[in-house]
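All chains should be built: construct the whole structure from the sequences, respecting the hints.
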Amino acid sequence: MTIVDTRTPEAKRFIPGATGDWEVIIGLEVHAQVTSNSKLFSGASTSFGSAPNSNVSLVDAAMPGMLPVINEECVKQAVRTGLGLKAQINNRSVFDRKNYFYPDLPQGYQISQFKDPIVGEGKIMISVGPDRQGNFEDIEIGIERLHLEQDAGKSMHDQHPTMSYVDLNRSGVALMEIVSKPDIRSSDEAKAYITKLRSILRYLGTCDGNMDEGSMRADVNVSVRKPGGEFGTRCEIKNVNSIRFMGQAIEYEARRQIAILEDGGEIDQETRLFDPNKGETRSMRSKEDAHDYRYFPDPDLLPLEFDDAFVAELAKNLPELPDEKRERFVRDMGLTVYDASILVSEAAIADYFEKVAAGRDGKAAANWVINDLLGALNKSGKGIEDTPVSPDQLGGILDLIKEGVISGKIAKDLFEIVWNEGGDPAKIVEDRGMKQVTDTGAIEKAVDEVIAANPDQVEKARAKPNLAGWFVGQVMKATGGKANPQAVQALVKQKLGIEE
Amino acid sequence: MSVDQTTVKRVAKLARIAVSDEDAVRMESELNAILGFVEQLSEVDVSGVEPMTSVMPMEMKKRHDVVNDGGKADDIVANAPETTDNYFLVPKVVE
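Taken in sequence, the protein lines are chains A and B. According to full-length UniProt numbering, the first sequence is numbered sequentially starting from 1. According to full-length UniProt numbering, the second sequence is numbered sequentially starting from 1.
Note that these hints are calculated values from the structure, not bench results. Take these hints with a grain of salt, some might be off.
[To be verified] Using C-beta positions, here's what the derived DEER-type ranges look like: (1) E305(A) x V38(B): 40 to 50 Å; (2) K226(A) x R10(B): 41 to 51 Å; (3) Y102(A) x E43(B): 32 to 42 Å; (4) E82(B) x D386(A): 39 to 49 Å; (5) F114(A) x M56(B): 20 to 30 Å; (6) V69(A) x E82(B): 30 to 40 Å; (7) V11(B) x E305(A): 50 to 60 Å; (8) M56(B) x G381(A): 37 to 47 Å; (9) M1(B) x F114(A): 14 to 24 Å; (10) F48(A) x E82(B): 24 to 34 Å; (11) D45(B) x F114(A): 34 to 44 Å; (12) V19(B) x T233(A): 45 to 55 Å.
No residue lacks a Cβ here, since even glycine has one placed at the ideal position from N, Cα and C.
Here you go:
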């Protein structure tokens with residue numbers, strides 16, 4: 001395969017070494033578990049956390065004479081994902097056997113797709129930043145292919161001094177292997193890529209993207225070179241299962257390779273493992289022979305074929321994806337690209353925002369969702385699905401501000417009450433006397449009192465008009481923050497005789 | 001196409017079959033005889049012909065996405081030499 005370098009080397013991404021700058025080249029192979037009820041080739045359940053070997057059919061255990069029958073939903077999910085990645089959909093693809101021995105692979109081969117995958121070239125737009133000037137950079141990362149394959153079982157090595165425990169529940173669950181082109185040039189870009197890919201998969205509903213449960217894991221190919229030079233020899237870091245670890249693994253691996261090359265050494269093409277405890281990668285010598293997989297077409301399965309109508313039907317029902325949603329938020333609601341990017345990062349957040357924004361000011365809704373809601377969720381370690389404040393409640397708070405019933409400051413207190421205690425915002429305001437005082441008489445009285453009590457400050461403020469703010473603060477304090485700030489400001493200036 | 005000793009041993013290793021040096025010598029000639037026989041196929045001109053994966057001109061049957069199997073862990077591990085709590089136990093393999 002000839003590799004086309006789609007990127008222009010840029011100094012800001014270089015890694016400085018003793019002999020000059022280096023450029024890191026990264027390609028990712030992401031294994032994403034297909035969201036389906038049953039396995040790729042059997043009717044056993046895919047549910048996570050079941051009793052050992054309870055989600056296993058005789059097909060998954062590779063008992064003699066068992067034959068695989070493909071799950072049509074897994075095929076649809078792969079096509080949907082291909083469409084979401086703006087990729088070539090192949091109406092004919094072939095399943096091959098990838099031969100290797102491991103205790104969690106009872107067949108002695110994995111059914112995968114080698115020469116003819118179900119999905120060909122596509123692309124993902126990632127956004128990296130913000131840089132020091134607060135700018136984001138949009139970068140296109142090419143997708144090489146996506147193919148369907150079986151997952152292996154799970155081994156546990158810490159239960160017994162001399163034996164490993166094998167559970168085949170995961171064996172035969174459908175995976176999509178999504179292979180990027182070697183277009184990634186920094187650990188930040190790699191992290192942005194996997195974050196974006198996960199977001200797209202979640203929007204599509206084709207993979208839950210849950211890295212903790214192993215439903216998404218990545219093999220990271222890393223090599224280094226002199227900027228713009230020939231591609232170097234790559235190492236593959238296996239099974240990186242968190243975005244943070246991926247960043248660490250790439251940083252470590254790039255520096256390790258640079259150190260070897262600068263000492264006049266050579267990089268061995270090998271498989272490595274990232275150890276999160278030590279923050280380093282190490283060689284998996286046992287995999288030395290493993291690359292000779294002796295692929296051949298699986299004689300148990302016919303080629304996978306479908307027509308254009310099948311693809312068109314799936315395309316018709318595809319949801320709006322994050323890029324399109326972001327564009328719409330910017331175009332129709334006047335949001336900044338930055339705010340829109342945050343809101344579309346998860347479909348659930350975008351849905352929440354749209355409910356709050358319906359019939360209201362989009363920018364105000366965005367500010368409250370991002371700063372207050374997401375801020376509070378983040379602080380309490382909750383996800384959007386666990387939010388104690390519903391879109392209706394937050395919308396209610398926004399309405400009260402808009403109608404001038406409460407001030408922006410009181411609204412923050414109100415949000416906290418709704419967060420902690422729940423309830424209808426309008427009723428809380430009513431019951432607890434949180435209404436903004438717009439009655440000029442009452443505000444006037446408070447202003448008069450503050451002025452009367454502070455003759456020294458009055459003198460100073462007449463000389464230095466911007467001290468009027470101090471009076472506004474005092475009046476707000478005296479009214480428990482309920483006075484309308486604009487009204488207070490106007491009255492203070494009027495009473496002090498300060499010109500607008 | 002023919003194989004040498006190294007290839008015979010490598011193929012045996014990949015297939016996890018223990019082959020002694022004497023056996024490897026015998027297998028080398030046996031395998032080469034087989035390969036020589038199969039070689040005759042290359043006399044056929046197949047340029048422009050897609051490799052065939054099946055002799056049946058039919059579409060692959062697909063399953064609906066329903067759970068209708070599993071829940072028989074006891075059966076699954078029934079023939080295993082060693083088990084605990086329905087896990088297979090195998091000699092320790094660790095990276």
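Violations among the numbered hints = 1, 2, 7, 8, 11, 12
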